[in-house]
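> Whole structure, please, built from the sequences with the hints as guidance.
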Amino acid sequence: MTDKPKVAFYWCASCGGCEEAVVDLAEKVLDVVAAVDIVFWPVALDFKRRDVEAMADGSLAAAFLNGAIRSTEQEEMVHLLRRKAQTVVSFGSCSQLGGIPGLANLFDLDGVLASAYLESPSTVNPDGMLPHPSSAVDGYRLTIPRLYETVRSLDQVIDVDYYLPGCAPTPALIANAVMALLAGTLPPKGSVLAPDVALCDECPRKKSKPEQLSLGAFKRPSEVKLNEEECLLAQGVLCLGAATRGGCEAPCIKGNMPCTGCFGPTSRVKDQGAKALSAIASMVESNDAAEIERILSSIPDPVGTLYRYSLPASLLRRRRPAAGVATKG
Amino acid sequence: MPETTTDAGGGAAPAQFEPRIVAFFCNWCTYLAADLAGTTRLKYAPNIRVVRLMCSGRIDPQFVLDAFAKGADGVLIGGCHPGDCHYESGNYKTLRRFHLLRRMLHELGIEDERFRLEWISASEAEPLRIAVNDMVEKVRALGPLNLTVPSERADEPEEVAVP
Numbered sequence: 001m002t003d004k005p006k007v008a009f010y011w012c013a014s015c016g017g018c019e020e021a022v023v024d025l026a027e028k029v030l031d032v033v034a035a036v037d038i039v040f041w042p043v044a045l046d047f048k049r050r051d052v053e054a055m056a057d058g059s060l061a062a063a064f065l066n067g068a069i070r071s072t073e074q075e076e077m078v079h080l081l082r083r084k085a086q087t088v089v090s091f092g093s094c095s096q097l098g099g100i101p102g103l104a105n106l107f108d109l110d111g112v113l114a115s116a117y118l119e120s121p122s123t124v125n126p127d128g129m130l131p132h133p134s135s136a137v138d139g140y141r142l143t144i145p146r147l148y149e150t151v152r153s154l155d156q157v158i159d160v161d162y163y164l165p166g167c168a169p170t171p172a173l174i175a176n177a178v179m180a181l182l183a184g185t186l187p188p189k190g191s192v193l194a195p196d197v198a199l200c201d202e203c204p205r206k207k208s209k210p211e212q213l214s215l216g217a218f219k220r221p222s223e224v225k226l227n228e229e230e231c232l233l234a235q236g237v238l239c240l241g242a243a244t245r246g247g248c249e250a251p252c253i254k255g256n257m258p259c260t261g262c263f264g265p266t267s268r269v270k271d272q273g274a275k276a277l278s279a280i281a282s283m284v285e286s287n288d289a290a291e292i293e294r295i296l297s298s299i300p301d302p303v304g305t306l307y308r309y310s311l312p313a314s315l316l317r318r319r320r321p322a323a324g325v326a327t328k329g
Numbered sequence: 001m002p003e004t005t006t007d008a009g010g011g012a013a014p015a016q017f018e019p020r021i022v023a024f025f026c027n028w029c030t031y032l033a034a035d036l037a038g039t040t041r042l043k044y045a046p047n048i049r050v051v052r053l054m055c056s057g058r059i060d061p062q063f064v065l066d067a068f069a070k071g072a073d074g075v076l077i078g079g080c081h082p083g084d085c086h087y088e089s090g091n092y093k094t095l096r097r098f099h100l101l102r103r104m105l106h107e108l109g110i111e112d113e114r115f116r117l118e119w120i121s122a123s124e125a126e127p128l129r130i131a132v133n134d135m136v137e138k139v140r141a142l143g144p145l146n147l148t149v150p151s152e153r154a155d156e157p158e159e160v161a162v163p
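In the order they appear, the protein sequences are chains A and B. Heads up, the first sequence is in our numbering, so the first residue is 1 and it goes up one at a time. Heads up, the second sequence is in our numbering, so the first residue is 1 and it goes up one at a time.
Quick caveat, the hints were computed from the structure, so don't treat them as lab data. Be aware that a few hints might be false.
What the hints assert, rightly or not - Calculated cross-link-like contacts (lysine-lysine; reagent style DSS-like; alpha-carbon spacing at most 30 Å):
{"no.": "1", "chain 1": "A", "residue 1": "K270", "chain 2": "A", "residue 2": "K209"}
{"no.": "2", "chain 1": "B", "residue 1": "K138", "chain 2": "A", "residue 2": "K189"}
{"no.": "3", "chain 1": "B", "residue 1": "K70", "chain 2": "A", "residue 2": "K270"}
{"no.": "4", "chain 1": "A", "residue 1": "K225", "chain 2": "A", "residue 2": "K209"}
{"no.": "5", "chain 1": "A", "residue 1": "K254", "chain 2": "A", "residue 2": "K28"}
{"no.": "6", "chain 1": "A", "residue 1": "K254", "chain 2": "A", "residue 2": "K225"}
Next up, the structure:
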């Protein structure tokens with residue numbers, strides 16, 4: 001082995017898009033590979049858990065962990081990698097805030113399993129089989145990881161040093177983070193490795209944002225022919241740029257789609273959904289309760305819209321469990 | 001603060017559930033109504049904890065969520081009547097946010113009765129008394145909010161035989 005710094009990548013509850021983001025570094029990935037040894041990366045390299053267990057504690061310069069935590073296996077793996085790594089980088093929205101998998105916190109686990117294994121239109125499961133943590137087959141005991149009732153962000157499970165936001169983080173931010181890590185120029189622990197301003201600040205349509213926004217209806221992008229120059233909010237489309245951290249270089253806006261909030265809140269905000277709600281609701285163009293209700297009904301799913309990536313990291317963290325759900329802890 | 005009221009001596013009847021309600025009142029109207037209720041010796045349920053803000057429009061939805069997350073069973077917002085806001089439009093912004101926030105709370109399993117908005121002017125001590133008592137009774141009927149974040153399931157069967 002060389003004495004290059006060693007790094008690990010790992011995925012938890014995620015879609016694989018964060019792994020793509022690493023590949024999207026394109027030729028810069030060669031700089032990264034030249035500078036570090038990747039010693040664990042299940043999506044790309046055939047190293048096993050026992051290889052990680054055999055490493056000395058603290059022997060990894062950094063572990064980049066993406067995905068939310070929703071199973072016992074994921075929890076064990078991130079604890080293991082925390083022990084082995086000097087620096088843990090929470091990589092991507094799911095890891096930082098819970099992400100799309102975190103919307104499972106709107107349901108209890110029975111509902112999630114029923115939807116996935118029994119009810120979805122594409123499911124064929126005549127025997128109604130559900131995953132069992134432990135099964136006896138021909139005298140052997142087979143076990144699979146157990147799912148938790150609640151999806152968690154990485155920092156609700158282990159100590160996290162830095163966050164790379166985004167669904168997925170952009171190649172530019174990843175490259176900056178890796179280079180800062182190698183050069184030892186990282187900001188204070190706990191920092192999000194992206195600019196600490198709202199997306200509106202770097203939005204190419206900023207100039208067309210009216211001083212006072214006043215909306216009589218919220219439209220979905222499919223319901224309106226969008227002008228490519230004008231502020232999306234001014235066109236009645238629910239854009240979360242005002243309540244979302246910048247640094248992504250606004251690829252969605254440049255694609256004529258509104259911001260859905262994947263970079264999470266800025267450092268001054270605790271709860272992105274609440275802050276987005278505050279900004280969006282105050283734009284409603286009416287002072288009459290019934291009319292306000294009517295205008296806001298054009299947002300069919302407030303939680304899924306305003307907390308699309310951040311429900312597990314929000315103040316309430318999940319839907320209140322129905323009375324009588326028996327759980328530990 | 002009366003968490004639960006128990007008679008020191010008897011203790012036969014089970015303690016009645018005493019809801020904790022965080023009340024955000026604006027400085028110019030509802031807070032003065034509460035003040036007036038005090039000076040005129042009007043009695044209302046002691047279950048509200050009043051937080052005074054300059055304007056109901058200052059109530060960040062984060063404050064409401066934080067109150068629930070930290071154990072409040074209900075949140076009451078009191079502001080000036082429409083048209084009477086000391087800052088002209090703060091209460092209208094509150095009204096708009098209130099509607100969306102209540103829907104969001106509903107989606108998150110928190111009943112509508114636990115989150116309430118009242119316009120109460122500085123002279124309306126009696127309406128304040130009625131609103132507070134009514135909310136306390138409704139939240140009492142709902143029971144404690146009991147927000148918990150369950151992790152592992154307790155009822156997982158140990159082992160299942162697969163033929």
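> Which numbered hints turn out to be false for this structure?
2
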